[in-house]
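Trainee: Here the protein sequences come in this chain order: W and Y.
Going left to right, the first sequence walks through residues 0 to 164 as numbering that gives the first Met the number 0 numbers them.
Going left to right, the second sequence walks through residues 0 to 164 as numbering that gives the first Met the number 0 numbers them.
Don't take each hint at face value.
Copies of the same chain look alike in the list, so a pair counts if it fits in one copy or across any two.
25 Å max Cα-Cα, derived DMTMM-like pairs, lysine to aspartate or glutamate [to be verified]:
#1 Lys159 - Asp39
#2 Lys159 - Glu134
#3 Lys159 - Asp40
#4 Lys159 - Glu87
#5 Lys42 - Glu60
#6 Lys43 - Glu134
Just so you know, these hints were derived from the structure itself, not from any lab.
2 protein chains.
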Amino acid sequence: MRSKSFEGMACSIATALEAIGDRWALLLLRDLMLGLRRYDDLKKSTGITNATLTDRLRQLEQSGLIERRPYQSSPERHEYLLTARGRELSLVIQALAQVGDQWRGQSGEPAPLQFVRAGTGRPVRLALVEQDTGEAVPLSELRVQAGPGADDLVRWRLSKLAGRA
Amino acid sequence: MRSKSFEGMACSIATALEAIGDRWALLLLRDLMLGLRRYDDLKKSTGITNATLTDRLRQLEQSGLIERRPYQSSPERHEYLLTARGRELSLVIQALAQVGDQWRGQSGEPAPLQFVRAGTGRPVRLALVEQDTGEAVPLSELRVQAGPGADDLVRWRLSKLAGRA
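Put together the whole structure using the sequences plus the hints.
Mentor: Structure below.
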């Protein structure tokens with residue numbers, strides 16, 4: 000199910016995907032972001048089998064995205080918490096939720112969750128902005144170019160793009 | 000590898016993940032967004048085996064994220080293009096790239112790609128903003144509450160969160 004074949008790819012998307020694992024792992028990250036912490040709660044929320052749940056929690060821990068902390072002894076019980084690195088993935092979870100909401104909306108299904116700003120309760124969303132000015136940029140104006148870490152394969156991909164522009 | 004077990008989950012993240020498939024599919028979406036279109040190019044770019052590549056392309060087509068179009072007859076050849084629905088996923092791809100870049104940066108690896116605005120060439124990034132005003136919102140101020148499509152399981156998850164706040 001998990002492969003190491005993304006390692007060494009000069010691609011930040013592959014880097015992120017390698018650490019995350021699979022779709023079950025993303026659902027676990029969603030729940031941990033919502034505030035669930037305990038094995039039984041994560042199991043109830045996702046419906047994942049014990050074998051898969053144990054495996055994905057271990058992988059997320061190995062990737063440094065979550066940490067396991069004892070909250071009870073005899074019998075020993077642990078809870079799971081996002082690390083700072085794991086919390087950085089909230090951008091990805093939020094993007095998935097926003098696209099999923101958009102698709103559900105297109106078929107008339109209402110959104111299960113609303114995303115708001117703490118304190119004000121005003122609706123928030125992810126948007127593309129200019130890094131320096133914060134000015135909104137339509138997704139259609141997004142362009143890519145080689146960065147300082149580009150390798151031959153990255154440059155080859157970009158050359159295919161340039162040939163068509 | 001693929002399961003239908005996310006269906007019916009009142010979760011927009013699960014909705015999006017179900018349509019996407021797996022990590023290979025996300026890498027294919029990345030390449031299609033960059034502008035690659037042909038089977039051989041997608042194979043070279045990702046290193047996916049023929050069996051997996053054929054399967055993931057078929058699944059992305061079935062999910063309505065890509066379409067297959069003939070560009071040559073005798074022998075017949077097809078190219079693959081994102082649909083409007085598929086292009087909506089650029090938000091997710093962009094989020095993965097941004098988090099991956101952040102992680103690579105933390106270990107001193109430079110970014111393979113730079114994301115800029117068409118025309119101006121100014122760097123862009125995804126940010127959380129207030130929906131109505133466009134004002135920037137720190138990710139730490141992101142909160143969730145039940146939406147109109149919340150079911151019992153969604154409400155239960157939120158109750159776990161509320162119990163701890």
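Trainee: Run every hint past the structure and note whether it holds.
Mentor: How the hints compare with the structure:
no.: 1; hint: Lys159 - Asp39; result: between (49 Å within a copy, 12 Å between copies)
no.: 2; hint: Lys159 - Glu134; result: neither (30 Å within a copy, 37 Å between copies)
no.: 3; hint: Lys159 - Asp40; result: between (47 Å within a copy, 9 Å between copies)
no.: 4; hint: Lys159 - Glu87; result: between (32 Å within a copy, 22 Å between copies)
no.: 5; hint: Lys42 - Glu60; result: within (17 Å within a copy, 32 Å between copies)
no.: 6; hint: Lys43 - Glu134; result: neither (42 Å within a copy, 37 Å between copies)
In terms of the numbered hints stated before, the structure departs from hints 2, 6, listed from lowest to highest.
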